[in-house]
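**Q** As a plain string of letters, each chain reads:
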Amino acid sequence: MPAVATLLVALLVAWLFVNFVKGPAYFVNIGFIGLTNGALYALVALGYTLVYGILELINFAHGDVFMLGGLFAATMLLSVFHLKAGASTLALVAAILGSLVVAMAACGTLNAVIERVAYRPLRGAPRVAPLITAIGMSFILEDVAIGWKGPGYTAVPSLLPTGRVFSVAGITYTWEKLIVAVITAPVLLLLVWFVKQTRQGKAMRATAQDRDAAAMMGIDVNRTISFTFMLAGALAGTGGLVYALYFGQIRYDTGYQIGLIAFTAAVLGGIGNLPGAVLGALLIGFIQAFNEGLLWHAPGSDWTESIVFSILILILVFRPEGLLGERTPEGA
Amino acid sequence: MRRRLRAAISAVWWDILGRLGLSHDRWTALPRTARRAVKAAIWTGISLLLVAFLGVWQWSALAIAAVVLVLVVPRYGGVTIRGRKVGRYIIPAGVLAIAITYPFYAYDANGVSPGLPQLPIFGTFPLMSTMVNMGIFSMMALGLNFVVGYAGLLDLGYVAFFAIGSYMAGWLASSQFSQVNLRFGGVGVIQGLTGIHISVWLVLIAAGIVTALAGVIIGLPTLRLRGDYLAIVTLGFGEILPIVARNGDSLGGFNLTNGTGGITPIDPPGFGNWFHHHLGLPANYGALGTTFDRDYFWTVLVLVLLTIFCSARLRDSRLGRAWIAIREDEVAAAAMGIPLMRTKTWAYATGAFFGGVAGAYYASYNGSSNPDEFYFQISVFILVMVILGGMGNIWGVILGACFLTYLNSEGLNNIGAWLNGHFGPGGSDFQVWHTPLDVPLYNFGIYGVILVVVMLLRPEGLIPSRRRAAEFHEGVHDQPLYDTAV
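Chains as they are written, first to last, in the working numbering: chain A, 31 to 362; chain B, 72 to 557.
Hint data in this document are derived by calculation from the structure and do not stem from the laboratory. Even glycine gets a Cβ: it sits at the ideal position worked out from N, Cα and C. Careful, some of the hints might be misleading.
Here chain B is said to cover these stretches of chain A; the calculated rule only asks that three of the stretch's residues, wherever they fall, bring their Cβ under 8 Å from a Cβ of chain B [to be verified]:
| # | stretch |
| --- | --- |
| 1 | 150-156 |
| 2 | 170-183 |
| 3 | 334-347 |
Using the sequences and the accompanying hints, generate a full structural model.
**A** Set out below in structure tokens:
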């Protein structure tokens with residue numbers, strides 16, 4: 031098996047190398063797209079990983095919380111702040127920050143409510159029971175979105191400036207991509223600091239390790255789990271805002287697609303592992319961008335989902351602990 | 072929560088009755104038959120009141136009430152004839168009789184009504200096309216029940232097997248591969264048409280076998296995974312297959328699936344001329360005219376009966392008991408010498424077999440296999456049937472399948488029309504909302520609510536299998552064994 035894996039990776043590297051040689055500047059530009067997508071996926075993937083780490087539950091509804099976050103953000107930007115294309119920088123920054131706060135708060139609350147209603151009563155039940163309610167919640171949230179915005183796309187006009195930050199030898203980096211990174215990176219750093227350094231983060235890690243022992247040490251487990259869901263929801267809200275701004279359209283089933291991609295990213299990096307989720311998300315972002323963008327023997331966007339799901343299956347079957355995870359006594 | 076709710080309701084109930092002089096003690100002192108009779112009378116009264124209140128008062132409503140009363144209320148389990156326990160067959164036989172005769176008094180494809188009443192809220196009785204779909208989805212739900220209900224493995228990609236079966240029919244009974252010319256009992260094929268045209272009956276079997284093999288191929292590497300990981304992997308397969316079908320019009324230049332257009336037309340089933348002349352069986356279902364749905368319905372009824380037979384026999388077999396043992400405690404089952412991988416793979420293959428047969432029949436009924444029919448929602452739709460009806464219980468699963476298929480094809484539409492007529496714009500009762508509500512648009516949200524509510528309040532489903540209910544309420548040893556790979 032390792033031989034096959036090595037061969038596959040070697041082929042992949044060779045394919046990338048040929049593409050790079052054929053058009054270095056183009057290759058790097060595609061890479062920037064991958065980086066931006068990856069940053070967005072990281073926000074959603076972290077939500078999966080946080081919840082999985084603490085409850086060992088695949089929160090199937092997470093992608094739909096993300097989608098609702100995008101709709102919240104779009105509503106805030108367009109209907110509350112009345113932002114239009116070409117607004118002044120100050121207005122843009124203020125509106126984005128305001129929408130960010132609202133989307134984070136709304137999605138955090140929503141996620142915590144979902145946990146309280148649909149997952150907490152099933153904590154002693156067989157493992158698949160909360161997974162089934164999670165799927166149910168996912169469908170409910172999608173229909174909430176349909177009822178709210180209708181089944182069509184909610185369009186957000188391109189608010190972000192699309193000018194160049196720099197352009198060297200055919201390599202261009204545009205403002206919109208930079209803004210995505212500028213919103214995403216601090217949130218990720220803040221999260222890592224929070225989980226590693228604060229008292230609440232310590233409680234989260236303790237609960238993830240052993241719920242009973244944590245309870246005996248005086249940690250309010252229910253509150254910690256609720257808090258984790260809020261945190262994951264806030265991340266999804268951020269992701270929703272970034273998605274709405276960057277891609278400019280969002281609808282009820284966006285969350286399902288992005289959610290599965292992000293879940294794959296979390297699994298790829300090692301589910302339950304925060305840096306792993308970011309790494310996996312960046313990798314998936316690159317894979318997607320290269321697959322859809324490269325010109326020499328790329329399968330093309332028709333096959334992106336197949337490739338992502340194949341990665342998911344291969345990782346789960348052959349290395350369920352992911353790239354950065356450690357093999358626990360339980361196996362996965 | 073449910074127990075507390077029940078206790079509260081029961082306390083209030085007995086408090087009211089106690090004030091009227093009928094305390095709980097007196098009630099339990101009555102003989103059992105008397106209590107059953109009183110309960111039956113009360114329920115009949117309530118349902119008749121509802122019927123009257125909702126404006127439907129016809130002899131046929133009474134007839135339905137009588138059927139319900141005769142079939143549902145008494146306990147037939149203990150009835151014996153010469154020492155044989157025939158009681159448990161009474162209700163299934165009654166339901167079967169109603170089902171077989173249904174085409175004669177039901178609405179047909181033209182919407183002609185030979186005298187069935189309008190039901191309150193739900194409107195008209197199901198059309199024949201809905202009945203055929205009920206049969207097909209019952210088969211699929213029973214197939215999924217092997218995996219989810221018996222073996223306790225959550226499968227979120229069951230639609231993949233449905234798709235494989237459907238495309239098997241597309242490949243073996245249509246003109247898709249026009250470069251070859253093979254005929255073996257296909258009916259209704261115009262002279263000179265190329266392609267593979269094999270009799271649909273053989274295609275059903277072939278589809279089942281190929282799908283079962285696909286189940287083994289998918290199952291072998293994945294079945295050692297833990298429950299929720301297995302669910303996600305199956306979901307992945309369920310997502311990949313439709314994409315392959317959608318993009319499969321030029322796989323290395325070869326047109327395998329005809330892409331988004333799907334494969335069409337697919338040959339209808341039929342027995343051919345010899346059987347038609349000698350046994351009176353329909354020669355070609357496609358040439359039956361307006362009543363063709365009837366023959367499709369009776370055929371699917373036979374298929375469902377076969378599936379039920381296999382389900383019941385397999386459940387009680389050595390293999391079936393091994394499945395249930397694995398579901399209840401994987402470690403203990405392994406310690407008792409049950410080969411985990413082989414047993415699970417058998418569950419997968421068996422479930423896949425019936426999914427494949429149902430898929431092939433579905434394709435033959437619709438005359439096409441189209442990639443847009445196989446998306447994740449269908450997997451969940453079938454899962455909701457199994458969970459709502461009662462995991463592991465054949466009758467429950469069939470009830471869930473029929474009810475949800477009905478809701479999806481017609482029920483939600485009718486309920487929506489009723490709601491809009493009463494509470495919508497210009498409603499007959501009072502106006503609650505101002506634009507007509509599109510209820511079928513929210514079908515999957517409604518199934519989501521069903522999933523959540525059932526899992527929270529009654530995880531064993533409407534008609535539970537006693538064993539499964541005990542597992543949900545007592546909890547099971549749910550930590551699976553690792554490194555049990557072949």
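**Q** Checked against the structure, which of the hints given earlier come out wrong?
**A** Failing hints: none at all.
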